[in-house]
Structures are given as structure tokens and as C-alpha cells.
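Visitor: Given these sequences and hints, build the entire structure.
There are 2 protein chains.
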Amino acid sequence: MKKTSQPLADLAAERLVDYIVEHQLETGSRLPNEYVLADILEVGRSTVREAVRRLAARNILEVRQGSGTYISGKKGVADDPLGFTFIKDTTKLTHDLFEIRLLLEPRVAAKAAQYATDQDCLLLEEIVQAIEQSYDEGTEEHVQLDVQLHAQLAKMSGNLALDSLLPVIHQSISLINSDFQGKDLREDSRLAHRRILEAVRDRDSVNAYDAMLRHILAVSASFEMES
Amino acid sequence: MKKTSQPLADLAAERLVDYIVEHQLETGSRLPNEYVLADILEVGRSTVREAVRRLAARNILEVRQGSGTYISGKKGVADDPLGFTFIKDTTKLTHDLFEIRLLLEPRVAAKAAQYATDQDCLLLEEIVQAIEQSYDEGTEEHVQLDVQLHAQLAKMSGNLALDSLLPVIHQSISLINSDFQGKDLREDSRLAHRRILEAVRDRDSVNAYDAMLRHILAVSASFEMES
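For the record, the sequence lines run as chains A and B.
The opening residue of the first sequence carries number 1 in full-length UniProt numbering; numbering runs sequentially from there.
The opening residue of the second sequence carries number 1 in full-length UniProt numbering; numbering runs sequentially from there.
Simulated from the structure, these hints should not be mistaken for laboratory data.
Keep in mind that a hint or two might mislead.
[What the hints assert, rightly or not] Keeping only pairs whose Cα atoms sit at most 25 angstroms apart, straight-line, the calculated DSS-like set for lysine-lysine is: (1) K75/A to K155/B; (2) K155/A to K74/A; (3) K155/A to K75/B; (4) K74/A to K75/B; (5) K155/B to K74/B; (6) K92/A to K75/B.
Guide: Below, the structure is given as C-alpha cells:
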């Protein structure tokens with residue numbers, strides 16, 4: 001296997017990112033083929049392949065066998081982007097992730113309430129209902145739906161950075177604690193989600209803030225007791 | 001060039017991460033050679049190479065030509081881990097990053113003051129002095145030193161997740177706004193850093209909280225005016 005030099009592939013990867021940004025390529029767009037890319041990036045084809053692999057590892061590109069290379073829908077957010085895999089004390093890490101949520105999410109809920117469109121509210125209600133259905137049917141779907149609920153609020157808050165960051169925090173908590181059930185918490189969460197939904201629907205920022213604060217304190221306290 | 005199948009390399013990368021975590025390999029440790037890794041991961045050597053490349057792209061491993069593969073000091077935090085490169089409105093993104101800092105950092109400063117050791121305080125003072133020296137000599141070093149100052153406070157706060165996250169937020173702000181000078185802000189920042197340092201030294205959480213809040217509001221306001 002031919003060895004591609006590290007720095008050249010790094011440079012090619014950087015140029016490819018610039019190309020994507022300059023051409024405003026959107027999620028799902030297909031990149032030009034290898035020959036064309038080699039021309040554009042002014043490197044050999046093996047370096048193009050290496051650069052593509054690096055950007056695929058960062059979830060910026062997605063290689064579909066036999067079809068081509070596409071802009072990934074994961075928006076360049078790598079799996080475990082903040083390196084939490086390597087923190088050994090997962091109980092402490094979870095506690096610390098909840099502290100971040102406690103600082104960020106009440107304001108997220110307040111802003112979501114302030115900026116919500118009717119369409120946003122409908123989408124939020126759908127997620128809340130799907131979570132309740134998952135509770136009722138005893139499925140595990142509510143875990144992912146819960147991440148989705150908080151991600152939707154982050155999107156509604158209008159803060160672009162939180163829109164990228166909060167799903168990472170949530171996903172980390174669920175991954176680290178895949179055995180955490182929080183069963184006793186379901187009735188509590190059901191009420192909390194409804195309270196948040198109502199406040200957003202009423203465009204009531206203050207109540208949305210308080211409802212989210214109470215919700216996160218409750219989930220976090222329940223985690224502390226089980227661990 | 002032999003094509004390694006995607007899913008197999010993914011699986012091998014995942015197993016390699018598990019191996020690193022289980023064996024508690026620390027930053028700078030050298031991995032076993034390719035032959036041994038192929039045995040451990042139960043895949044061929046070309047798949048080992050592919051897995052190593054992926055983990056290198058995620059800053060988990062570092063390949064040193066002619067020497068071997070090492071655990072990277074970047075702790076698995078990829079370059080631009082949250083995909084900010086692809087957000088086009090950089091002014092809005094900067095504003096949103098400051099909002100995150102405003103929510104997180106006053107508490108970071110308060111906790112840093114509460115938990116500070118004498119050693120921590122000395123290190124903090126060294127950074128503050130180096131920033132002042134950079135201001136005085138008109139060098140650009142203060143930009144990186146400022147990231148370091150806030151990273152040091154994050155470490156002192158004891159929150160493991162913030163210790164990973166805050167440097168990413170800071171680094172993003174400096175990268176996006178590499179032309180932002182904030183010259184008029186230097187006297188202000190000089191005072192603010194001294195105020196934070198004093199509060200931490202006095203183990204005065206309340207003053208540390210307030211000093212940080214004022215500092216971030218001032219920097220953020222100055223950015224808004226220049227942009």
C-alpha cells in the first residue's frame with residue numbers, strides 16, 4: 001500500500017474543506033470525482049483519497065460505495081467530538097454534563113418560547129406525544145426522542161453554536177448511561193415535557209425557563225440517587 | 001491501492017478505542033506494532049492501518065513516521081469538533097459562542113476560586129503576567145495565552161466536561177475572528193484578568209463570578225461594536 005505523506009493529505013483535506021465552504025455545498029451534495037478533485041486540490045489521486053478518508057472520519061464527508069462521495073448530514077460533528085470516551089470516571093462525567101445542561105438549557109427554553117413559530121410548536125408536540133407513547137408501550141425509543149426534543153428546542157433558540165453543542169451533550173449522557181432507566185422519573189418527565197410545551201406554545205419565556213430548570217434538576221437528582 | 005471495506009475498519013477502530021480505554025493507555029503511550037494489533041483486533045493489517053488513520057483523524061492517535069503510533073495529546077478532540085467551519089454566518093456564530101461563554105464561565109470562575117490550590121494560583125498568575133507582557137510588547141501571543149487562561153480556570157473548576165468543551169469554544173472564537181484586534185479592550189482586559197486572579201487567590205467565589213461576568217460582557221460588547 002502506497003504511503004501518502006501526512007502533511008500533504010492534511011493540506012489537501014484543508015483545501016477540500018475550503019472548497020466545500022466556498023461553493024456552499026449542502027448536505028447530500030455529491031463531490032466531483034477523484035480526477036477532478038485531484039485537479040482542484042493540486043495533488044495526486046492517492047492524496048485525494050487520503051484527504052477524503054480524513055474528512056469522512058470527521059463526519060464531514062460520507063463515502064457511498066459505488067456511488068460517490070457526499071457531504072455528510074452529520075455536519076462535521078465527529079462521533080464523540082469532545083473525547084469523552086477517554087474520561088474514566090463516567091459517574092463524575094455525567095454529573096458534570098448535567099451541570100452544563102443546567103447552565104445552558106433554561107435559557108434555551110426561554111429563547112425557544114420567545115422565537116417559536118406555530119410550525120415549531122406542532123413539531124415539538126409531536127415529539128412530546130411520541131415520548132409519551134414510548135413510555136406507555138414500554139419501548140426504548142423515548143431515549144432518542146428525548147435527545148430530539150432538547151435538540152429541537154436548541155434549534156428553536158436560534159443559537160447556532162448551541163444547536164451543534166447540545167445534541168452532543170445529550171447523546172453523551174445517554175451513551176455513557178445506557179443502563180440508566182430512570183423509571184421512577186417517567187411520570188415526572190411526562191409532566192415536565194408538557195409544562196415546557198405549554199410554556200413554549202404560550203410564548204411564555206419565564207415559565208419555559210423555570211420548567212426546564214426544574215426538569216433538569218429532577219433528572220439530574222434522579223441520576224445521582226441511582227448511581 | 002487495496003480498498004478496505006468501510007464497516008470492518010469502523011469496527012476495528014471501535015475495538016481499538018476499547019483496547020485503549022481498557023488498558024488505560026495514557027497520552028504519549030506507544031501502541032503495539034501492526035502485527036500485534038492485527039492479532040488483538042482480529043482483523044488484517046490493512047484494516048489495522050485504516051482504523052489507525054481514522055483515529056488519527058479524530059486526534060485520538062498520532063502516527064510518527066518511522067517511530068510508531070502513539071496516544072495523541074489532543075485527547076480525542078478533533079479539529080473543529082462541532083463543525084463550526086460550516087456555519088456561514090460567522091458574525092452570528094461568534095455572538096452565539098459568546099452567549100455560551102456568558103452562561104458557563106461565571107460559574108467556572110466561582111468554582112475555580114472555591115477549589116484553587118496555591119499551585120493553581122501561581123500558574124494562573126504566570127499566565128496573567130505573560131498576557132500583560134504580550135500587550136506591552138505588542139506581540140500576538142496574548143491571543144493563545146487568553147485561551148490558556150480560560151482553559152486553566154476550566155480545569156480548576158473540576159468539571160471534566162467543561163475542561164474539554166471551553167477550550168473548543170475559545171479556540172473557535174479566536175479562529176473565526178483572527179482579524180479582531182480588540183485593541184481598545186486591552187486596558188479593560190488587563191484589569192479584568194487581575195480582578196479574576198485576585199478573587200481566585202482570595203478563594204472568593206462571588207467576586208470571581210462577578211468579575212468573569214463583567215469580563216465576558218465587555219469582550220462580547222466590544223466584538224459587537226467592531227463587527
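Visitor: Could you run down the list of hints and mark each one as holding or not?
Guide: Evaluated hints:
Between K75/A and K155/B the CA atoms are separated by roughly 28 angstroms; this puts the pair beyond 25 angstroms, and the hint is violated. At most 25 angstroms may separate the alpha-carbon atoms for a hinted pair to count; K155/A and K74/A meet this at roughly 15 angstroms. A threshold of 25 angstroms between alpha carbons decides the hint, and for K155/A with K75/B the separation of about 28 angstroms lies outside it, so the pair is violated. Pair hint K74/A plus K75/B holds up; C-alpha atoms about 21 angstroms apart against a cutoff of 25 angstroms.
Straight-line distance between C-alpha atoms of K155/B and K74/B comes to about 15 angstroms, which keeps the hinted pair within the 25 angstroms bound. Taking the CA atoms of K92/A and K75/B, the gap is about 18 angstroms. The hint holds against a cut of 25 angstroms.
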